[in-house]
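So the chains spell out like this:
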Amino acid sequence: MFYEKNKDVKASFDTVVQQGALNYRSKEMPIWCPGCGDFAIAQALVEALNELAIPPKDVAIGSGIGCSGRFPVFIKCYGFHGVHGRALPLATGMKLGNEKLTVFAMGGDGDGLSIGAGHFPHAARRNININYFLFDNSIYALTKGQTSPTADTGTVSKTTPFGSLDNPLNPVLLSLSYGSTFVARAFSGYHHEMKNLMIKAIQHEGFSFLHILTPCVVFNKQKTYELYYDRCKPLPKSHKKSSFDQAMKCAQNQKTLYTGVFYQNSRAALQ
Amino acid sequence: MDITIKFSGTAGQGIQTIGDVLTNTAASTGIHVLNFRSYGAEIRARGNSDATVRLSNTPVSSFTDDIDVLVSTQRNASIVWASAVKQDSIIIFDNDPKQVFDEKDSFLAKLPPGVTLCGVPLTLFSQEITGASKGKNIAALGALIYVLDIPLESCEAEIARFWKRKGDLFVKNNCAILRKAYEYCQTEYLTESYRKKIKVTGKGFPVLSGNQAVAKGALAAKCSIYAGYPITPATPIFEMLAKELPAQKGKVIQTEDEISAISVVLGASFTGARSMTATSGPGFSLMIEQIGLSSMAEVPCVIVCVQRGGPSTGLPTKTEQSDLNIALYGGHGDTTRIILAPTNVSECYSCAIKAFDYAQRYQMPVILLSDFFLANRRETIHETFKKPKKTDTLVKPKSSTQKSFKRFKNTKNGISPMPIPGTEGFYYTTTGLEHNESGTPVYDPENHLAQTDKRFRKLKTALQEINDAEIIGDPKAKIGIVSWGSTTGAVLEAMSLAQSKGISIKVLKTTVLWPLPENSIKELFSSVEKVLIPEMNYQGQLASLLTFVEADKIIRFNVISGIPLTSIDIMQQIEKVNDVLRKE
Ligand SMILES: Cc1ncc(C[n+]2csc(CCOP(=O)(O)OP(=O)(O)O)c2C)c(N)n1
Ligand code: SF4
Ligand SMILES: [Mg+2]
Chain A
52 MFYEKNKDVK
62 ASFDTVVQQG
72 ALNYRSKEMP
82 IWCPGCGDFA
92 IAQALVEALN
102 ELAIPPKDVA
112 IGSGIGCSGR
122 FPVFIKCYGF
132 HGVHGRALPL
142 ATGMKLGNEK
152 LTVFAMGGDG
162 DGLSIGAGHF
172 PHAARRNINI
182 NYFLFDNSIY
192 ALTKGQTSPT
202 ADTGTVSKTT
212 PFGSLDNPLN
222 PVLLSLSYGS
232 TFVARAFSGY
242 HHEMKNLMIK
252 AIQHEGFSFL
262 HILTPCVVFN
272 KQKTYELYYD
282 RCKPLPKSHK
292 KSSFDQAMKC
302 AQNQKTLYTG
312 VFYQNSRAAL
322 Q
Chain B
748 MDITIKFSGT
758 AGQGIQTIGD
768 VLTNTAASTG
778 IHVLNFRSYG
788 AEIRARGNSD
798 ATVRLSNTPV
808 SSFTDDIDVL
818 VSTQRNASIV
828 WASAVKQDSI
838 IIFDNDPKQV
848 FDEKDSFLAK
858 LPPGVTLCGV
868 PLTLFSQEIT
878 GASKGKNIAA
888 LGALIYVLDI
898 PLESCEAEIA
908 RFWKRKGDLF
918 VKNNCAILRK
928 AYEYCQTEYL
938 TESYRKKIKV
948 TGKGFPVLSG
958 NQAVAKGALA
968 AKCSIYAGYP
978 ITPATPIFEM
988 LAKELPAQKG
998 KVIQTEDEIS
1008 AISVVLGASF
1018 TGARSMTATS
1028 GPGFSLMIEQ
1038 IGLSSMAEVP
1048 CVIVCVQRGG
1058 PSTGLPTKTE
1068 QSDLNIALYG
1078 GHGDTTRIIL
1088 APTNVSECYS
1098 CAIKAFDYAQ
1108 RYQMPVILLS
1118 DFFLANRRET
1128 IHETFKKPKK
1138 TDTLVKPKSS
1148 TQKSFKRFKN
1158 TKNGISPMPI
1168 PGTEGFYYTT
1178 TGLEHNESGT
1188 PVYDPENHLA
1198 QTDKRFRKLK
1208 TALQEINDAE
1218 IIGDPKAKIG
1228 IVSWGSTTGA
1238 VLEAMSLAQS
1248 KGISIKVLKT
1258 TVLWPLPENS
1268 IKELFSSVEK
1278 VLIPEMNYQG
1288 QLASLLTFVE
1298 ADKIIRFNVI
1308 SGIPLTSIDI
1318 MQQIEKVNDV
1328 LRKE
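Quick note, the sequences are listed as chains A and B, same order.
According to the working numbering, the first sequence is numbered sequentially starting from 52.
According to the working numbering, the second sequence is numbered sequentially starting from 748.
Next comes chain B alone, as it looks inside the complex:
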């Protein structure tokens, strides 16, 4: 079963809350869940609040455009989204005072065929229990879990967990409202047309957002310094670390701006501390000068950039993948950097750990590109998070090498041992000026070339050691897709959809965007006739980067709607490409 539920109501009616409680309840019973706030086309009324939750018995990492169940805390005439529901869907709404619809009702006329109306006196039930109407969202949730056939006890347990801090009475009342609505449906709505049952397995999954997963990864990697400046949508990483870092002796500092944040990170990294900052476009732009410093001075640096709509202040609460270019090219001079882009919430965790490992091992900036969709959606995690093997990957000099020590020694793999302050005998000053092997600033051309070579050699070494590119799908497929970041969820689902329609696809998936996994990219290009590159940016930033392979095979699909791409969007493009191929 695969059910998409849309929650809708006016702001302040607890719409997001019941979305969250359903998410946690479903996850606790072993259902795969994806939850995203205010997702969907902007047909929302002013002051309207909505959330989307997709439930499935197999893992999900994108949304479809369908609404199978609409849950509204409003009365029929004011139900936003009613016209957007799917055929044969169910609408739960506040039917208080109870009203019977006649055939010609204008509300009914808006609905697609086969829609089942499941009116429940939400306000009444809330008032009966608490004397106020505030609990009508809980009543709606009660009706919903009846429709979904999720055990009432699981939801009650979640309510007790969710509102533990509010005290027993609050929990008891909420459970009573929940039960009241549930039992009402049990007697009123008996037939199968009122049900969209989903299988529960009993074995629960944890639920995390991408931001939480990044923060968890940082904690697991033993990050000890977080420096940041608040910005949507990256702030939750800051807030979570502010709460949890002190417990493992880490420190958190709210700096005066992002320039300061990345300075603090560099200063702390210089002393060997694992440190990071997280930001979004505007803040990332401010950090660019010191990405160059990190590269030149060979000081580890972890930056999480949670992308939002740009440029400038742009669209702070909309999703976009338009910071690839700045991540790739931001800064003057020839700058080394590693770019990681997780494609789902689990990978936010593993990439965060890798970011610390790579920053220290390769002594350069590592940019983790997340995005609004990835950061804010909550998702069930079905693999166990691995703890990192090492929490210090800095190559330090052996004490026997003190006499011949050269901080920027031009080694075979480009990595030169980095002593940290507090170490006897290995004094040096690192600098953003070009310098020789000892670190002395010098400007002669031979040295500049040799040191630039050395710094870029680290990227070659890195590519051999960290490449995780894989080509998934039918080896014989004639259509390839290169996808990155959160869009990959929709792409992989579209691949299965295409398969079921008899179109073979293969997908190149990689979390390492730089150094570019050139071999896998060339392999994909040479084995297919067309390469579709879907991206949530206007210019086709990844596609442009890949024009060096076989530019005429590339088909760009660029969307800047601010709303995550769906498998349906991708499927439509696949069909188009397939048509072109058939005609050729």
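Chain A on its own, in the form it takes in the complex:
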């Protein structure tokens, strides 16, 4: 029924199957809730890996704890689902251990910007040649709905029943100021763009940071698909990714959440 009504969806699904991206899926069924933004991230990654023809044997993913942290379980790869907040140093170890691997660090906003926030600047300044995907749903989802470091001031959650007082962090701005050599933002509702950004991130030699806005449909009623469809827009055509100042400016725009590559430069990478 669905496919008959949505022929274009069927067609793109068929292409994906034909192209072999699904070979990158593991046998495990994702445990995410229907509608969770994380599905699209998984799908985009398998497509990106397939397009780049990186064999699963050379893919290593280190992840933290959270709904997002489960990610590697569902991918055909060598995965290490570690402890809360340590995806970055774990992935750093993987890359140092075997520099031939394509290494990812993955985790949520709580994982990467709260408990593990101390690792972010150092991974960036070392320019370790890994890809850090931050799954930002502005909520602690796995623990069922507490406020997170990217939640807006005033957010009502289970631990902030009267509204939170804290200012939200801006991951793109942080990453830029930490000295990341590749800084991009994607929205899991814009699948193709996200996949292409992943490809660019993987191709970048050095520390690639991809901030992914990914709605939690169960616990976050503020940061919804609707909100992001409304506010996410590609960076202006005139944007120069070589310009740090432009990147900083675009990153500070709170009304329009730009997607695309904010900044890229090259500097000796650690591996």
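The hints are simulated quantities; they were obtained by calculation from the structure and are not laboratory data.
A few of these clues could be false.
[Said to hold, decoys possible] Below 27 Å or equal to it, Euclidean Cα-Cα: the simulated DSS-like pairs (lysine-lysine) are:
#: 1; chain 1: B; residue 1: Lys944; chain 2: B; residue 2: Lys845
#: 2; chain 1: B; residue 1: Lys1156; chain 2: A; residue 2: Lys108
#: 3; chain 1: B; residue 1: Lys969; chain 2: A; residue 2: Lys108
Go by the hints and put chain B with the ligands onto chain A.
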């Protein structure tokens, strides 16, 4: 001969340096040496610097409380330690301007009987050669090697080695100062009361500290990743590997904290790389969560914990053995781990190699417990260091098993083959969540029990394969000692002392503390009437662990002075136990 020398002076006078040069010189002539900086009771004046060197014609691995020769770069009235010297000892000091002591001198009154004063114009000799007084430590060394009857040429050769980088003139001047003081003593101090001669054999020994030996072991084991965060007293391991790992294609990373360090180790170990971190108490505490991860996810992990006084920031430059409990019990849940505790510098080397072997073979955390004393003392090594037979002990799956591959297969010995990234076909995700044989997270009770059983079965396998416990001494002895770590040196020396006083002792020595060598422990307990357990911690952490055997036989000896236990300390306890037994 067995001579303990105390070097003393104000900080900046090169006191540690002449201790080191003497150590190297003596070692190069075949004398056994033990050197430890700032060892001894805290009677040091502010800004005072001291070092202790023990020389012997047989191997030594602990200190006594005696001072046979005191070497001071100060003038008589300001000589710290003068009141602590032994009867019939010799004091070398700066006698410039030359002064003659009269009988009632207050300095003489402080000294025990029979002390020989060996005053040398140290400052003058230095000034004569270099125009400055900085070389007076070298002059003191010249006098000392005369007293010890160590060949002048050996010391000159060591000076040339030691200061090679400073250039020829510097070396030449130092040798001239050395010779000047030596020859002065040769003419001034002829009688035997000025000599404490030690036999030189000519065949030299290498000298290493415990930290250096650990680093050497890691290099020999082909460690390829070191991740660390600086902390006293573990940092020298980091610094040495930072210099030497790159030459064998290894990598070193200074992480942002210890949590990150152990993460890097786990990530690297996951890819099959031999990796390690070294830390001390505060850093070790931060690592605990991931010791659990290493255990649960079955990823090899080597952690060196160089113990210092605790808790909290504690006593960073004092020795203690108080991290046994955290090594044994640190972490939540039922956690597997192997704990190795070397008892001397040579064993720091061999245990480091074993740590890598065991971490990979048993896919679990291996904790090497060193301590401040072991780490910082420099010691002559009289056996040749063996290179490891294998530098990869990971059990990997055979390619034919791809179809039926289960990463956490519940095998007979508990060890399941671990493929590494880059291997075609054996994909899996390891996780700190409880998981089934395939690695899928599951929480049912049967599986949790089966997998926990499997993980602990590896410890049973390990105990059969790695146990090195031995009972040394008189089989008929009624007093047993269980000792661990650096304290064992003093215990073994005390055993000989006791023997000479007619008290028989047997000692259980093991470098593997966990899995516990239960059979040897039970054997020792059942064969003696009392078991003395000396430890440098307050609670008696090993003694508490052993109460499951025969608690009423245990006699605890717990010291937290921060100063290494001596054979005399242990001997006193042995005598006490012996008295109790005699009365019973
Ligand atoms: C040391 C530690 N503290 C707390 C937790 C509990 N915990 C698990 S996930 C999580 C937060 C998850 O939020 P986030 O990182 O944003 O991931 P999400 O589930 O939203 O993807 C917390 C607090 C834990 N596992 N470990
Ligand atoms: S709780 Fe939220 S983040 Fe977690 S799987 Fe469900 S929708 Fe996704
Ligand atoms: Mg989140």
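Inset, instruction - Could you tell me which of the hints above the structure violates, numbers in ascending order? - result: Checked against the structure, no hint fails, so every one of them is satisfied.
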